Amino acid sequence: MDKWEVQLRKGCLELAVLGSLWDGKLYGLEILRRLETDSDLVIAEGTVYPLLSRLKAEGLLDSEWVEAEAGHPRKYYRLTAAGRRRAQAMAQMWSRFSASMRNLIGPVLKEGR
Amino acid sequence: MTDSTRAAQSLDPYLQKVRAGLRDLPAADADEIIRELRSHIVELTSHGEDVETALRSLGDPVDLAKTYRAENLLVQAECSGSPLVILQGLRHASQSRWGRFFVTALYFFGYANVLALWAAGIEKVIGPGRTGLWYTPGKDMVAQSGDGRRRTCRSQGTVGLVARTHHSRRGLGASISDRLDRAVVDPPVSPLQNRSGGVNRLSRRVTHL
Chain A
1 MDKWEVQLRK
11 GCLELAVLGS
21 LWDGKLYGLE
31 ILRRLETDSD
41 LVIAEGTVYP
51 LLSRLKAEGL
61 LDSEWVEAEA
71 GHPRKYYRLT
81 AAGRRRAQAM
91 AQMWSRFSAS
101 MRNLIGPVLK
111 EGR
Chain B
1001 MTDSTRAAQS
1011 LDPYLQKVRA
1021 GLRDLPAADA
1031 DEIIRELRSH
1041 IVELTSHGED
1051 VETALRSLGD
1061 PVDLAKTYRA
1071 ENLLVQAECS
1081 GSPLVILQGL
1091 RHASQSRWGR
1101 FFVTALYFFG
1111 YANVLALWAA
1121 GIEKVIGPGR
1131 TGLWYTPGKD
1141 MVAQSGDGRR
1151 RTCRSQGTVG
1161 LVARTHHSRR
1171 GLGASISDRL
1181 DRAVVDPPVS
1191 PLQNRSGGVN
1201 RLSRRVTHL
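Order-wise, the sequence lines are chains A and B. The letter at position 29 of the first sequence is residue 29 when you use my numbering, and the numbering goes up by one with no holes. The letter at position 123 of the second sequence is residue 1123 when you use my numbering, and the numbering goes up by one with no holes.
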């Protein structure tokens, strides 16, 4: 059961990261915070940074270093055109999938209440 | 000891371990990763978190490097098509020793097949008369390559690739099969047919395999 939940979270992570960047650029820690507050996705930081690096290598994200007023540079990520297309496609797939799952498990949820 | 020197004391060895684990990535990529991780830790500590806690949330440095490598090498493998990069990516992606053994074996098997087919194809251009498959129903399937060595396997006499046998002439139209080598599904051949002189006519060349 726990294993299933871990796999589920892992599988959604890519879409979650792309979704968090939809409105504009964010740096790593902001993305992590966004994932924690906007969803209850508890994600190990050691998973998100390598994922960001892969999404960038795939051309879905772009990054730039910005010197922060705090005195150290931050690496900001933004969606590329390909990233936006991917995010849209994945989001549509997700909403179709979750709608049909909801239909399927409706009786289970009713019983549980 | 100031806060920043104490931070550097545990941060630097951690990042060195990650860097060591990233040695087979391009140096620029590895440097970029280390720079980002450092920025992440510095950011957290500037919000009052201590370095040890911040590092613990990133996990074991060796595991972290492994995750980076797996993610990056798989992308490289997808994009580059270089056999070496693909092998590296596969090996890093496989979780266990046996998994690694299996993907490596499969990898070499696949490339060996490709090379063999290419070699046969080139051989066919150089010496079309020497390269091909010969078949006699009820007898052996014979493949011969240019080096003159013959490889045989026993055919079952039910399904075979046959060119211009009396079966194909009868069944599929003589006008076409007289000119074209073609593949047909060969019906079982009775011993009688074989004995009554069919053998010689059946053992014709099969080409285009």
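Because the hints were derived from the structure by calculation, they are not lab data. Hints may contain errors.
Stated by the list, open to error - With beta-carbon atoms standing in for the labels, derived distance ranges:
no.	chain 1	residue 1	chain 2	residue 2	range
1	A	ALA82	B	LEU1115	47 to 55 Å
2	A	GLU67	B	THR1053	19 to 27 Å
3	B	GLY1081	A	MET90	21 to 29 Å
4	B	SER1096	A	LYS25	38 to 46 Å
5	A	GLU36	B	PHE1108	42 to 50 Å
6	A	VAL108	B	ASP1050	41 to 49 Å
7	B	ARG1035	A	GLN92	41 to 49 Å
8	A	MET90	B	ARG1097	43 to 51 Å
Values in this document were obtained by computation on a predicted structure and should not be read as measured data. We put the CB at the ideal spot given by N, CA and C, even for glycine.
Comparing the hints with the structure gives:
Taking 47 to 55 Å as the suggested C-beta distance range, the pair ALA82(A) and LEU1115(B) does not conform, at roughly 35 Å. Taking the beta carbon of each, GLU67(A) and THR1053(B) are about 26 Å apart, inside 19 to 27 Å as hinted. At about 25 Å, the CB distance of GLY1081(B) to MET90(A) agrees with the hint of 21 to 29 Å. The hinted window of 38 to 46 Å between SER1096(B) and LYS25(A) holds, with their beta carbons roughly 39 Å apart.
At roughly 45 Å, the beta-carbon separation of GLU36(A) and PHE1108(B) lies within the given 42 to 50 Å, and the hint holds. The hinted window of 41 to 49 Å between VAL108(A) and ASP1050(B) holds, with their beta carbons roughly 45 Å apart. Taken as a hint, the range 41 to 49 Å is violated for the pair ARG1035(B) and GLN92(A), whose Cβ atoms sit roughly 36 Å apart. Between MET90(A) and ARG1097(B) the beta carbons are some 34 Å apart, a value that contradicts the proposed interval 43 to 51 Å.
Comparing the model with each numbered hint stated earlier shows that hints 1, 7 and 8 do not hold.
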